[in-house]
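**Q** Residue-level listing of the chains:
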Amino acid sequence: MNILKRLKELCGIRTREKVPFKILFAEFKKSLELNNQILDLIADANDKLSGDYIFDEQYIQSTCRQLTDLVRQLIVTINHLTDQKYIGLYTYFHKIEEEIEALLRGQALNQVKDLILPYNEVSRDLADSVGGKNAHIGEIGSSLDLRIPDGFAITTAAYTLFLGENNLRERILTIRQRWKDCEIAVDDASRQIRQAIMSGEVPKKLKDEMIAAATYISSQYTESTPCFAVRSSAIGEDEISSFAGQYLSCLNIPLDEIPEAYKEVLASLYSPEAMEYRLMMDFRPHEIMMSVACQLMIPARASGVVYTYDPVRPEQETMVISSAWGLGEPIVSGELPTDTFILDRRPPHEVKEMRIVRKDESMVLRGCGGLAIDGVAEEQRTEPSLKAEQLRELARAGMRLEKYFKRPQDIEFAIDPQDQVVILQSRQLQLQQGRAPRACDLTGLDGKYRFLLRGHGTAAMEGIATGPAWVYTEGRDLADFPVGGILVARHATPQLARVIHRAVGFITDVGSTTGHLATVAREFRVPALFNTENGTEVIEDGRDITLDTECLSVYEGIVQELQYYAIQEDPIEEMYEYRLLRRVQKKIEPLNLTDPDGDNFTPEGCRTYHDLTRFVHEKAVETIIDLNFYHAHHKSTQAGQLLWDYPLDLILIDVGGGISGEHEKGIQPEQITCGPMQALLRGMSYPGIWDMTPAGVDFSSFMSSLTRTSSVRSTSPEDVGRNLAVVSAEYTNINFRLGYHFTVIDAYVSDNILDNHIYFRFSGGVTETVRRSRRTRLLAKILSHYDFLCELHGDIVVARLKRMDKGRMLHRLFLLGLLVGFTRQLDVKMVSESTIDTFFEEIRTIMEKEHGRV
Amino acid sequence: MEEYKTSILILDDEPIVSKRLKPSLEKKGYEVEAFTTSKEALERIEERQFDIVVTDLKMEGVDGMQFLTRVKEKYPDTEVIVITGFATMATAKESFNKGVFDFLAKPFKLGEIADVIARAEAKKKGS
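Those protein sequence lines, which keep their order, are chains L and A.
Heads up, the first sequence is in the working numbering, so the first residue is 1 and it goes up one at a time.
Heads up, the second sequence is in the working numbering, so the first residue is 1 and it goes up one at a time.
Any given hint might turn out to be false.
Unchecked claim - Derived Cβ-Cβ restraints for the label pairs, each shown as a range:
hint, chain 1, residue 1, chain 2, residue 2, range
1, L, 807, A, 105, 43 to 51 Å
2, L, 594, A, 99, 30 to 38 Å
3, A, 111, L, 784, 33 to 41 Å
4, L, 807, A, 118, 32 to 40 Å
5, L, 501, A, 70, 30 to 38 Å
What the hints assert, rightly or not - Here are the simulated SDA-like cross-link-like pairs (lysine to any residue), alpha carbons at most 20 Å apart as the crow flies:
hint, chain 1, residue 1, chain 2, residue 2
6, A, 22, A, 37
7, A, 109, L, 669
8, A, 109, L, 471
To be verified - Computed far set for chain A versus chain L, every beta-carbon distance over 10 Å:
hint, residue
9, 6
10, 14
11, 19
12, 20
13, 33
14, 43
15, 69
16, 70
17, 85
18, 97
19, 106
20, 109
Hint data in this document are derived by calculation from the structure and do not stem from the laboratory.
Virtual Cβ for every residue (Gly too), placed ideally from N, Cα, C.
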């Protein structure tokens, strides 16, 4: 015996050939189970973010640890299955595990390392690094077609650097502790900390980066010396409006004074009010961080605030805009009188009320640096500070922001010298508790509104949404999906996630609550109702609807009572546990590996537990399919040739419960106890489907052959290759070579919907491109109609189906059986475009006839 | 005459529980007092009776079992509902012997605890 082989055996390392298929298959099944357990746990954890649960830190810890354990097992399994091919997964797994542990210990936030981030690189996801204000404004600029001031975020990494280089961390903690221990008053503590910060030096690297970023922005403008607004953007700020205004904003700061202004803003993090507020809100020391916003100063003609709901009279369906001439600071703080406009929330946003006050003064920029209160020109004093068109534009912007952030908004804006609306800030508007109609008003909706759907489907994300329905049909471009629309589609396919920033709700006929779309819907808190069965039929495109996933209902029109109910929801974001869960979820849930053919579909590409799980699942299926090709099956499995009326030279390998009785001389079809295989063979042997007419016949004779019982033995055996199928009671993996076609089917069908999958791959054929393309399109059309996700690569069709109930899965395997028999020489017969529709109808008729019989 | 409000005392050392539960129950018309230490809660029950007590079992430095024992001793007709993490479910089941009305495993939905409280309330009114 070869020494190396012997050594391996002594060490217990089995060589590939020694592992019986049965064991590999068991590993495969284990990987499926783990996969589902993980997805369930992720979905559960996500559910907790829906706001309907009471959970504590203990729950977050135990869930994370369970997940870590399952993902580890999953990686062990795939490595068993592939002879340690994916050992590299451990590296990325450990990295994620450590990040999660650090979050659980409260040692870290999800932060970037950059000191400065320009606004075009800032999004909501970076809120832990750039603070709420920056994150929101960056998101508005990049995801919505609204104007924002040019600027950049100075991140929490900069804050950390500043504290570190000036040795301030310990000093601040000590002073803070003395205050908490009641040794010193809050005013003293605040003054001491602020003095310490002001006497610190802005590190050179940070200073250079700030100046460079500001210089770059200045260079984009022709004005000689633009100035900047340096504002706070603390972590936790803006999520709750009561927090706003407690920090400092330095306005009209010349470029070279930015570092000094930066320090002042940092120091304001420790104002007595802010310190007390954070104590009340149970902020932990590691959460006290300051990011700073540095924005180009806008020499505003007018400024103001939009409330997308009248906070004291939300039932009026109106929004409130207040404005005055000049800069916004004295308007927001209430120092100067403002005009008030009440507008209809609904387009075209009619102005319902206008209260114009006399505006004698306004705040203006002074040269470069500083501000002044100036007299307003006489003729402007009694004029409305906003024009009709600007009011409408603000109303439209307000509604877009509200739909996008899914909460009523409190928006600060400026009108620039070109009369353009610029959004300076947008945050959640707190409606007065008790002002909005109460939940008990929800009784009696039945009589008032018409149900389009009622008690149908499963909630993938709880919540209420109102807006126009947009029914997705084949060929429709998702790019046309309107902001604030509710997407109605047949399948909850991952592609639909593209509209997540614009959609306020999802409704699908078919879909899994553990699928990608459901996950994304929870991440963005977009209400989603799946498995309604006929949503696409009963919901009319373009009509306003109201979705209430808690009651599994869809109403015709806008149900105002539900709309108010939705905006009353308690702000759970205020709680530490909620913030912590959201942070760890970021390491667990987002799915970056969406495309198995994508460049990032590698162990290195895995950023989250979900990524690792997806990767392993894909590779496990791939491995089982490949094993059947290349892996010489082992003697421990039962095997035999199928004895059938049709010339299908099929070798069956039974790995457990797939075949009954004796089969030394071959296997009779009746002996097959494998559900998926039975369904397939039923389809393949459907009368008239196994078309044996020689290639080259024309269309009309082909059609007649469909109804004729053909002599199945008329084709020479050379037409068929040697075929292999692995079966168990619930699983089959088949490789067919029929004529010039090559087909792979991998299916697992059990009573557990989550385990179920079908993979179908079809390629080959001997005809010119046009006909092959027709055949491909026909297959795609049929398969898509029956809920498969199809990919076309040239004349290869790959179709996947997951997570449907047993009956439907078997019905679809019957379909694949039909297709395998039917398409055998189909490309030869696809003589015109119209054949696509004809054959499609033919298959549909058979499917409908057979419905329920599988 | 003012309508009688069912009174509820909540004790859990995790502030999030009271923070979420208190407003939700108040909205439903209950009178709610919430505590995060058993010391304060014990002091309070010496002062007055509550119709329903909601308590965690295992808290840092606090024994929920002692607390609920004292409650049942002093006010046998107060209904006690135990909310606890999965790990202490066995102990929770033991608490049935102490006359506990029902228990709920954390995490739970607001609707679930509201149902249990409504049942406890119905039992009290029926008795």
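**Q** Determine for every hint whether it applies to the structure shown.
**A** Checked hints:
| no. | hint | in the structure |
| --- | --- | --- |
| 1 | 807(L) to 105(A): 43 to 51 Å | violated, 34 Å |
| 2 | 594(L) to 99(A): 30 to 38 Å | violated, 55 Å |
| 3 | 111(A) to 784(L): 33 to 41 Å | holds, 39 Å |
| 4 | 807(L) to 118(A): 32 to 40 Å | holds, 39 Å |
| 5 | 501(L) to 70(A): 30 to 38 Å | violated, 54 Å |
| 6 | 22(A) to 37(A) | holds, 16 Å |
| 7 | 109(A) to 669(L) | violated, 51 Å |
| 8 | 109(A) to 471(L) | violated, 33 Å |
| 9 | 6 | holds, 17 Å |
| 10 | 14 | violated, 4 Å |
| 11 | 19 | violated, 6 Å |
| 12 | 20 | violated, 5 Å |
| 13 | 33 | holds, 17 Å |
| 14 | 43 | holds, 22 Å |
| 15 | 69 | holds, 23 Å |
| 16 | 70 | holds, 24 Å |
| 17 | 85 | violated, 5 Å |
| 18 | 97 | holds, 25 Å |
| 19 | 106 | violated, 6 Å |
| 20 | 109 | violated, 5 Å |
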